[in-house]
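Kindly produce the complete structure, drawing on both the sequences and the hints.
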Amino acid sequence: MLLLNSTIKPIPVNSLKVISILFIILILGCKKQAEPVEKMQNQKYSGPFFGIEPTTTPQLLAPELLASPSTEYNGTFSPDGTEFYYTTDMPTNAYITFTKMMEDSTWSQPRIASFSGEFSDYDPLFSPDGNRIYFSSSRPKGDNENSKIWYVKRTDAGWGNPIRIILTGEEDNEYYSSLTHSGTLYFNIWSKGDIYKAIPNNTDYTVEALSDVINSGENKGDPFIDPNEEYLIFRGYDDSLGRGDLYISFNLDGEWTTPENLGEPINSSEHEMCPWVSQDGKLFVFASGRLEEPINVKALDPVKRINGTHNNGQLNLYYMSADFIQKMKEKHL
592 MLLLNSTIKP
602 IPVNSLKVIS
612 ILFIILILGC
622 KKQAEPVEKM
632 QNQKYSGPFF
642 GIEPTTTPQL
652 LAPELLASPS
662 TEYNGTFSPD
672 GTEFYYTTDM
682 PTNAYITFTK
692 MMEDSTWSQP
702 RIASFSGEFS
712 DYDPLFSPDG
722 NRIYFSSSRP
732 KGDNENSKIW
742 YVKRTDAGWG
752 NPIRIILTGE
762 EDNEYYSSLT
772 HSGTLYFNIW
782 SKGDIYKAIP
792 NNTDYTVEAL
802 SDVINSGENK
812 GDPFIDPNEE
822 YLIFRGYDDS
832 LGRGDLYISF
842 NLDGEWTTPE
852 NLGEPINSSE
862 HEMCPWVSQD
872 GKLFVFASGR
882 LEEPINVKAL
892 DPVKRINGTH
902 NNGQLNLYYM
912 SADFIQKMKE
922 KHL
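Numbered continuously in my numbering, the sequence shown closes out at residue 924.
Rather than coming from a laboratory, the hints here were simulated on the basis of the structure. Note that this is a predicted model, so its numbers are computed, not measured. You may find that some hints are simply not true.
Unchecked claim - Calculated lysine-lysine pairs in the BS3-like style (CA-CA distance at most 25 Å, straight line):
1. Lys635 / Lys889
2. Lys732 / Lys691
3. Lys873 / Lys918
4. Lys635 / Lys873
5. Lys873 / Lys691
To be verified - The following label-pair restraints were derived from C-beta to C-beta distances:
6. Val804 / Asp747: 40 to 46 Å
7. Phe915 / Gly833: 40 to 46 Å
8. Gly749 / Pro856: 35 to 41 Å
9. Ser860 / Glu762: 32 to 38 Å
10. Glu762 / Thr797: 29 to 35 Å
For every residue, glycine included, the Cβ atom is placed at its ideal position computed from N, Cα and C.
Right under this line is the structure:
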């Protein structure tokens with residue numbers, strides 16, 4: 592060892608400087624090589640509502656950004672289309688997740704919402720003015736059989752602390768709250784299989800079940816109410832095409848029309864649920880368990896690409912044009 596060490600010549604100082612510079616360049620180059628994957632995923636979607644154009648048939652909603660091996664459902668945009676909240680089902684819990692449009696118009700990587708992460712939380716829906724998010728939660732017991740309706744209010748520092756709305760008894764499990772411009776809250780109680788509405792008064796709410804036109808038959812749930820209370824879209828199981836379908840009923844002269852199955856291509860042989868419509872009436876978002884195409888996996892494929900371009904979880908988020916609503920309403924006019 593001593594003999595070998597004695598034959599090694601010291602490296603000149605100038606050479607050390609060159610090596611150091613080359614090493615720094617190499618590190619920076621590797622870092623730049625690693626950035627495009629995440630940047631590409633962000634930049635693919637730009638502008639309000641992810642920059643998407645409504646289509647006549649359902650399409651996966653921002654799959655490179657939202658889709659994952661987990662289950663995604665309950666998608667809702669803020670009224671201006673710059674925030675998107677949804678539910679992510681994980682092995683341990685359900686969490687409310689979000690992404691938002693950044694200053695350069697691209698979208699942030701999804702994160703757990705500031706008011707979620709400890710308990711099982713789901714069903715986020717924005718109020719029409721965008722200043723509140725209503726959601727369902729098992730807090731504080733952590734038991735889904737004890738689901739109640741909560742909301743958070745927007746503040747200068749972000750979302751405030753969750754506040755529970757007292758609607759029904761402790762034995763009732765409340766889900767999926769949707770709000771009108773007048774403040775009336777539509778929701779469902781799964782243990783009873785019915786849809787209700789809660790009308791605000793001076794101090795609390797007057798809660799009443801919707802008419803048998805809506806609630807007759809099998810369980811009804813996931814009620815999305817038009818903010819003007821002109822129509823109601825919900826999940827049902829009567830004469831469905833698959834495990835569960837979406838239906839619509841119109842409020843004409845104060846009476847609900849007989850619910851109509853939205854049919855194909857919205858409903859499928861799988862499970863459809865969690866409807867939402869943008870306030871301008873252009874965009875329809877829902878969750879579905881359909882598999883549009885088989886997963887074609889090749890050796891050395893990036894897992895992120897597979898997750899982002901294929902239906903992986905039990906449910907994924909889809910979007911399409913909401914034009915079908917007016918077309919269906921015209922039959923009643």
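Hint check against the structure, violated hint numbers in rising order:
Hint check: 2, 7 and 10 fail, others pass.
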